[in-house]
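Construct all of the structure, not just a fragment, from the sequences and the given hints.
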Amino acid sequence: MVSSASSKRGSDYITLILAIALLFLGAPTAYATWYRNLSLAFREEEGENGSKLYQVFLVYYFLQIAFCFYASMNFHGRYITGISTAVDVYLDNNNLMIGIFYLIGSVLFYLELLLSFWVLIRVKAYYSRRQVGLSSVGI
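Under our numbering, residues 1279 to 1417 are what the sequence shown spells out, in order.
None of these hints come from the bench; they were simulated from the model. Positions of the beta carbon are idealized from the N, C-alpha and C atoms, including for glycine. Just to be clear, a hint being listed does not mean it is correct.
What the hints assert, rightly or not - Now the in silico label distances, taken between C-beta atoms and shown as ranges:
#1 Leu1301 x Phe1395: 22 to 28 Å
#2 Leu1398 x Lys1330: 16 to 22 Å
#3 Ile1399 x Asn1371: 36 to 42 Å
#4 Leu1392 x Tyr1309: 20 to 26 Å
#5 Leu1389 x Asn1327: 32 to 38 Å
#6 Leu1392 x Tyr1313: 17 to 23 Å
#7 Met1375 x Lys1330: 44 to 50 Å
What follows is the structure in structure tokens.
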């Protein structure tokens, strides 16, 4: 178990609870915050409502990108994976296998970050080709 590398026994439970919360709440929260707003914005042909939904999508999607960046770097603590956490775990516990698990998690968050930027670029290109354009959104 990756969380057993923590120096405190109580942090094992916090790590497990956060992992379970992310597993069960991640996809429904993404749907409710940014995916639903994006799909509704594209259904609206023109008008104020489509632009507002697109703005809401941008806000939540930038928050998701910021979380992916934070999770991939993680300069504070050991509750989430990151390069600094992988190095700290290896140096503190001298356990290479657990450090590799943290490093794999960090690389996966980097991939999610790159994929999020790619999706954002594709959405912007699609939305600009539409008749409404990004001028009504304010970008």
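(request) Sort out which numbered hints this structure fails and list those numbers smallest first. (result) Hints that this structure does not satisfy do not exist here, as all of them hold.
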